[in-house]
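Enquirer: Residues per chain are reported as follows:
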Amino acid sequence: MNLSQGLAQLVQSGNVFFLIWGAVMVFSMHAGFAFLEAGSVRKKNVVNAFTKILSDWSVSTVVYFFIGFPLAYGITFLTPISQLLGDQGFNLAHFFFLLTFAACIPAIISGGIAERAQFGTQIIAGAIFVGLIYPLYEALVWGRFGIIGGVSGWLANFAGVPFHDFAGSVVVHAMGGWLALPAILILGPRLGRYLKGKSMPLPLHSIPYLSLGTWLLMIGWFGFNVASAGVMTRVSGLVAVNSLLAMVGGALAALVFSKNDSVFIHNGALAGLIAVCAGSDIFHPVAALIVGIIAGIIFTKCFVIETEVFKIDDVLGVWPLHGIAGAWGGIAAGIFGYEFLGGAGGVSIVSQLIGVGACLVIALIAGTIVYKFLDAISGIRLSKRDEMLGSDLAVHRVKAYPEELL
Amino acid sequence: MNLSQGLAQLVQSGNVFFLIWGAVMVFSMHAGFAFLEAGSVRKKNVVNAFTKILSDWSVSTVVYFFIGFPLAYGITFLTPISQLLGDQGFNLAHFFFLLTFAACIPAIISGGIAERAQFGTQIIAGAIFVGLIYPLYEALVWGRFGIIGGVSGWLANFAGVPFHDFAGSVVVHAMGGWLALPAILILGPRLGRYLKGKSMPLPLHSIPYLSLGTWLLMIGWFGFNVASAGVMTRVSGLVAVNSLLAMVGGALAALVFSKNDSVFIHNGALAGLIAVCAGSDIFHPVAALIVGIIAGIIFTKCFVIETEVFKIDDVLGVWPLHGIAGAWGGIAAGIFGYEFLGGAGGVSIVSQLIGVGACLVIALIAGTIVYKFLDAISGIRLSKRDEMLGSDLAVHRVKAYPEELL
Amino acid sequence: MNLSQGLAQLVQSGNVFFLIWGAVMVFSMHAGFAFLEAGSVRKKNVVNAFTKILSDWSVSTVVYFFIGFPLAYGITFLTPISQLLGDQGFNLAHFFFLLTFAACIPAIISGGIAERAQFGTQIIAGAIFVGLIYPLYEALVWGRFGIIGGVSGWLANFAGVPFHDFAGSVVVHAMGGWLALPAILILGPRLGRYLKGKSMPLPLHSIPYLSLGTWLLMIGWFGFNVASAGVMTRVSGLVAVNSLLAMVGGALAALVFSKNDSVFIHNGALAGLIAVCAGSDIFHPVAALIVGIIAGIIFTKCFVIETEVFKIDDVLGVWPLHGIAGAWGGIAAGIFGYEFLGGAGGVSIVSQLIGVGACLVIALIAGTIVYKFLDAISGIRLSKRDEMLGSDLAVHRVKAYPEELL
Amino acid sequence: MIKIESIIRPQSFEAVKDALAEIGITGMTVIAVKGHGRQKGYTEVYKGHEYHINLLEKIKIEIVVSDEVADQVVDAIVKAAQTGEVGDGKIFLSDVKNVIRIRTGEKGPTAL
Amino acid sequence: MIKIESIIRPQSFEAVKDALAEIGITGMTVIAVKGHGRQKGYTEVYKGHEYHINLLEKIKIEIVVSDEVADQVVDAIVKAAQTGEVGDGKIFLSDVKNVIRIRTGEKGPTAL
Amino acid sequence: MIKIESIIRPQSFEAVKDALAEIGITGMTVIAVKGHGRQKGYTEVYKGHEYHINLLEKIKIEIVVSDEVADQVVDAIVKAAQTGEVGDGKIFLSDVKNVIRIRTGEKGPTAL
Ligand SMILES: Nc1ncnc2c1ncn2[C@@H]1O[C@H](COP(=O)(O)OP(=O)(O)O)[C@@H](O)[C@H]1O
Ligand SMILES: Nc1ncnc2c1ncn2[C@@H]1O[C@H](COP(=O)(O)OP(=O)(O)O)[C@@H](O)[C@H]1O
Ligand SMILES: Nc1ncnc2c1ncn2[C@@H]1O[C@H](COP(=O)(O)OP(=O)(O)O)[C@@H](O)[C@H]1O
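Chains as they are written, first to last, in this note's numbering: chain A, 14 to 419; chain B, 14 to 419; chain C, 14 to 419; chain D, 1144 to 1255; chain E, 1144 to 1255; chain F, 1144 to 1255.
Hints are computed from structural coordinates only; laboratory data are not their basis.
Each hint should be verified, as a subset may be incorrect.
Said to hold, decoys possible - Residues from chain E that face chain D, not an exhaustive set, calculated with beta carbons under 7 angstroms:
#  : residue
1  : Ile1166
2  : Gly1170
3  : Met1171
4  : Lys1222
5  : Gln1225
6  : Leu1236
7  : Val1239
8  : Asn1241
9  : Ile1243
10 : Arg1244
Glycine included, C-beta positions come from ideal geometry on N, C-alpha and C.
Looking at chain A on its own, in the form it has when it is part of the complex (with noise of 0.2 angstroms):
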C-alpha cells in the first residue's frame, strides 16, 4: 500500500469512527430523555416513560432505515453487502449519526403528551414522523431536495444564501416542538391539572432522574453537535466551545430567573444546547454564550406562560424548550452569525426567518392532520381510569417499583 492510499484510507476510517462515536453519543441521549421524561411525570407513568422511550427508538431505526432516510437522502441500503462495505460502511455510519437525530422527534413529544396518551398510537405516530414528516423537511435542508438548504437551492437563490442550520436547532428541536404542540392541545390537560380554571401543577416524581437525564442529554449533545461536521477532518473545537458556553448560558440565566430553581437551571442548559445548535460553527463563543443566555431566559418565562396563562399541558415543556428555543436558534444564527456580530459570515436573517417559518408551518399542519386522523380512528387518549391508574399498571401491568410495600 503506498502513502496516499494509507493516508486515504486512515481518512476513511477515522471518518467512520468519528460519526459512530458522534451516533452512539446522541443515542445516549435517548436515555436522557427516558430519565428526563421518568423524574418529571408523576410515579404511576414511570415505566411508560422508559418503554416508551426504547419502543420509539426501535420503531424509529426500522422505519427510517427502509424509509425515512432513502426519502432524504436516495442512499437505500437494500443493496449487496460488497456495496455496503465499499466505504467500510461509511454510510451506514452516517446513517446511523442521522437516525439518532430522527429519533428525536417522538422523544421530544414524549415529554409534552406524558401521563394520559395512548401507548399504541403515539408509537404510530412517531412512526409516520420519523419515516415521512421529518426526512421530507430533513431533505429540504440538508437532504437531497436542498431547495431550502442547498446551496443552490431556492432559498440560495433568492436570498443569497442557503438556509443554515449546522446541527438541527430547527430541523431537529423546533420540528419536535412544534410537532408536539398540536398533539397537546388535542390530547388536552391530563386530569385534575387544572380545576376550575386554577392551575394545580402535579407535583413530579423524581429530581434525581432529571437531573440524570439532563446530564446524559449534556454530555451526548457535544456528540450531537460536534459529530455533526459528518467527518473527523472537519472537526472543530470552536463547534464545542459555543456548545459549552450556550449551555451555560441557559443554565446561569435559568437560575437567576427563576431564583434558583432546580427544574429550571436544568432546562435552561438544554434550552442553551438547543438554540446554539444552529448557529455553533459560525457563532464567536461570546456570541454562543449571549445566545444561551437568550434562550434559557425564553424557557423560564415561556414556560411559565404557556402553563399557568394559556393553560396548556405540556408536562415536560417541550413547546417552549425544543420549540421555541429551537426557532431561536435558528435566527439566531442569522444574527450573529453575521460578520459585524463576530460571526463566521455567509448567513442572511431572511433565509433563516424562511427555514424556520417553513419547519412550523409543516410541523403544525402534519401534527393537526395525523394526531386528528389518529384521534378519530383510534382515540389518542388514556380512559379515564386508565389515567387513574396510572399507565404503568394500565398498559404495562407493572410498577415503577414492584417491591415497594409488599
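Using the hints provided, position chains B, C, D, E and F with the ligands relative to the given structure of chain A.
Expert: Just chains B, C, D, E and F with the ligands, lined up with the frame of chain A:
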C-alpha cells in the same frame, strides 16, 4: 520525521486511541451490569449487587493481567517499561479491551445467582473463570492455540473455515450463561421463590435502575462490537448498524411477544445485541434485524419456560439471555453469514456448531466442577438467616438507603 | 492538497477530536460528582447537590474562559473568529479539556461542605478558586510561569528535573482537597453530627446514587488521564492501564481493609485513580497497582481518623480522598517513577516534595483567606432553621421527590 | 374526646383537607397505607407471571376532636370523599382518654 | 365493634392474608412500620462507624370487626404468623364506637 | 392497658427512644407520618408555581403499657421531645382491651 513515519505513527496512535475508547465503553457496561442487577433484585440485596460487580471487576483485572491474558495470547507485561511503551502501549490497550470482555463472565453469572450466593466464594469462582477457564476457550478461538478459531487451526482444516465469533456471542456471552447454569442449579432457588411447587416470582426493586442498567449496556455495546475490529483502520460502519438493527429487532419482538412488558423489552434489546456479536461483521443489515428478532423471541419464551416450567431460579434470566441467545448468535453467524443469505461469506455452519458445542461443554463441566468444589470446601450459599436479612446487611452491614425511616 | 498537508490536517483533526473526546469524558465526571454527593448526603440536601454542581460548572466555565485560562496560559479567546478557527479550534478544545479539570475544584470542595454551606457564597468561592487560585498554581506547573513544572523553570534548575504531575494528582486533586479543609473547619460540623463529643454519623441517602456517581467518575477518569497526553499522537496505552490497575488496587485494598464496606470500595477505587494521575505516564503497571493499593488504604484509614478522632465533619471525605491521596500521588511519582523501581525515570523525589508542598501551602492559605473573608462579609453557613429544614426546601424550594406522600 | 380515623382515596385527600379547614379543623396526622376491601384491584405481570393485586393505595387521616364536633367532622369527610364507587373508604370512631400537648405539657381537651 | 391491630413480620403477611380470607375477612388496612421490642437487631456500619439497629421492619394490619368474630380473627392471625421466635409480634384489641362507610353514609356494624 | 400514641418531630426521636429505654420501655411501634397543625410550613415552588406546604414530616410512636406506668411514659416523652416551639406534637391516650403475644399465644398484660 518523514511522511511514512508520520503516517505510521498516526495509524498507531489512532489504533491505541480506538482500543482505549472501546475499552472504556465496555468498562461502562459493567456499571450497566450493576444497575441491571440492582434493579432486578429485592431492596435488601442492592448494595451487594454494586459491591459484587465492582469487586468482580477488580479481581478480574488482576488475574487477567497476571494470568489470563498471558495464557490466552502469550504476552506478558512483566517486562521493562521501555518495552511496554515501544508500541505506544498498544498491547496494553489491547489487554484493557479484552479484559473488559473477560470481566463480563463473573458479571453475567452474578445476575443468575443473585440474592443467595455467598460474596466471598463467588469472587473466587469469578477469579478462576477469568484467570483460567475463559482464557482457555479464548485461546482456542481468538488466541494463541487457535484450534477452533485460528485460520490454520484444526477446525479450519476440518470444516474448511474456522469458527467465526467476531465480538463474542459465544466466547463471552454463551460462556458466561452456560457457566452460570450449574451455579444456579447447585445453589437452588431463593427462599420463597417456589412454594409447594407453585412459582412465586419475587418482585423486583426498581424498573428505573433496570432501565438505566440496560441503557448503559446498550450504549457500551457499540464499543464492544465496533472496537472488536481491533484496530481503527478496520473500523466498520456495518458492524455498528448491524448491532443497532439486532438490538431494535430484539426489543420489538420482546415488546410484541410480552404484550408491552417493560422488563422484556429491555432484555429483548440485550438479547438482540448478544446474538449479533458473532456475525455483526458479516451479516447484511436485514439479516441482523432478523437475528435480533429471533433472539428477542428466544429470551421471552425461554425465560418463562426456565422459571415457570423448569422452576430454575435464574434471577435475571442470564441463561436464556446470555447462554441461549449467545449460542443462537454463534449459530446465526453460520446461517446468515452465507453469501446466499446476503452475508459476506467465509463461514460454515459446521464450524459454528462445533465452536458453540465446545463452548457449552467446557462451560458446563468447568461450572459444575468449580461450584461443586467451592460448595464442598466452604459452601456457596448464604445461611438462611443471612438470606432472609438480605446480603446488604448480612455481608456489607449497610442498607441501600441507610437514611430511610429514621 | 498534497500528502504532507493532508497528513498534517489529519493529525490536527485527530488532535482536536481527541481533546474533545477527553473533555466530554471529564465533563461527564461532573455528573459523577453530583450523584456521589446526592447519594452521600441526607434526602433533604439532594436537590442542592445537583443544583450546586451544575451551577459551579457553569460559573467555572465563564470565569475560566475569560480569566483563568488566559491567566494560566496567556491565551485569550477575545480575538476574531478567523483566528479561533485557524487551528480547527485546537486551542478552544484545549481550553475545554483544561476547564473540565479546573471545574473539579468547586466540585471537590462541594462534597466536603455539603448540607450546611450557603449556596450563594459557595458559588463565589468557587469562582475565585477557578478564576485565580487554581490558574496560579496551574501556571506554575503546566502553564506559562513554569517555575515548578517547566523544563527550564526554577525547580528544574534547582533539583535537576521539574515537578512531574502528568494528569493532576496534585494540580487538581490535592489542590481541591486542601482548599476544602479550611472551608470544612471554618464551617464546623453539621448539626447533630457530634453530640456531646460523641460521633454520630448521619446516614446517607442512597448507595445506588453513590455507586452511580462513582461509576461516572471512574469511567470519565480514563478521559482525564488518557487525554492528558494533550495530543492524540502521544496517546499511551500505558496511561490507561496504569489508571486501571491503580483503580482496582484502591478498590481491593479498601474492600479488604473495610471488611466488605460498600462505601469504602467505591471511594477506594477513586483514591487509586487520584493517586495515579501524577505518574500514570511513567509508572510500571505493577507499580501503579501498588500506588493504588496504598491510596485505598490511605483513604480507609484517614477518613476514619479524620471524622472519628479529629471530629472533622468532612461529609464525603474529600480531604483524605482528594487531599491526602492526591498528595500521595505526587510523592509516589517521585518514588515509583525512578528507573530502579521500574519507572520511566526523569523524576526527582525532591522536586515532587517541593511541588506538593507548594500546592498545600497555597491551598491552605487561599482557602483560609477566601472563606474567612466570605464568612465575615456575608456568612458562609446556612441558618440553623434552614439547615434543619434542608437546603432543598430552604434554598431551592423543592424536595428531591416532590410527589412523595401526597 | 374522639379519635376519627378515615381511610380515603389518595385523590380525595386535597378535597377532604379543604373541607376540614372550612369547619375549622387543622390538626391531623396523615399516613400512607394500603387498603384491602371490596374494591377490585388490578393485574400485575412480573416477567411473564400474572398476579392479582388488591392492596390499593389509600390515605389514612387521624383526627382527635372533642366529642361535640365529631359528627360535624364525619359529615365533612363523607361529603368530600364520596364518589359513590366501591373503595371510597371507611371512618372509624373511638374514644380517647386524654391528650397531652408536648410543647406545653397541657392535658385534656384544651391541649387539642 | 372491635379494632384488631396486629404487628407481624413482613414475611408472614401473605400467610396472614390467606388465613383471614379463609374465614371471610377481607376488609383491612395495612401499614409499613418499624418495630422495637425484644428481638435482636443487627449491626450497621456507616463509613467505619458501627451502629446497633433494633428498629426492624414490621407490617401492621388494622381490622375492624363486630365483637362476635374478634376471637376467630385473632386465632387465625396467631396461627398464621407464629414462628415461635422472638419478634413474631403482638395483637392489640380496642373498642370502636362507630363505623361509617363513606360511599353510602351507612353507620354502625353494617357499614363494615 | 393503655395505648400511648405520640406524634413527635423526627429529630426528637433518638432522644425519646433513649428516655424510654431509661425507664425500661422497649416495646414500641414506629410509623413515619405527616402532620398538619399550627406549625407553619414552607413554600414549595414547582416550575414557577408556588405552593404553601404544611404537611410536615413527623414520627408516630405507639406504645401499649399497663395502666400504672402510663403517666411515667408520658412524662418521659414530654421531657425528651419538648423544644417549646410550635410543632412539638401531641400524645393521645386510649384504652386497650386485650393484648396477645403472637409467639406464645399469651393474652393480657403479661403479653406486653
Ligand atoms: N373492616 C375493615 N377494617 C379496616 N379497614 C377497612 C375495613 N374495611 C375496609 N377498610 C378500609 O377501607 C377501604 C375501602 O373499603 P372497600 O371495601 O374497598 O370500599 P367501601 O368502603 O366503599 O365498601 C379499604 O381499602 C380498607 O383500607
Ligand atoms: N408494648 C408495645 N407497644 C407497641 N408495640 C409493641 C410493644 N411490644 C412489642 N411491640 C411490637 O411488636 C413487635 C414484636 O415484639 P418483640 O418484643 O420483638 O417480640 P415478641 O412479641 O415475640 O416478644 C415489635 O417489633 C413492636 O413492633
Ligand atoms: N387534633 C389532632 N389530631 C391528630 N393529630 C394532631 C392533632 N393536632 C395536632 N396533631 C399532630 O401533632 C402535630 C403537632 O401539632 P401542632 O399543632 O403543629 O403543634 P403543637 O402540638 O406544638 O401545638 C401535628 O403535625 C399533627 O401531626
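Enquirer: Against each hint, give a clear statement of whether it holds in the structure.
Expert: So, going through the hints one by one against the coordinates:
1. Ile1166: violated, 14 angstroms
2. Gly1170: This interface hint holds because 5 angstroms falls under the 7 angstroms limit.
3. Met1171: holds, 5 angstroms
4. Lys1222: violated, 19 angstroms
5. Gln1225: violated, 22 angstroms
6. Leu1236: This hint is violated: E:Leu1236 lies away from chain D, its Cβ roughly 12 angstroms from the closest one there, beyond 7 angstroms.
7. Val1239: Because about 5 angstroms separates E:Val1239 from the closest Cβ in chain D, which is inside the 7 angstroms limit, the hint holds.
8. Asn1241: holds, 4 angstroms
9. Ile1243: Holds: closest Cβ of chain D sits about 4 angstroms from E:Ile1243, inside 7 angstroms.
10. Arg1244: Nearest chain D Cβ about 6 angstroms off; hint holds.
Checked against the numbered hints given earlier, this structure breaks hints 1, 4, 5 and 6; the rest are met.
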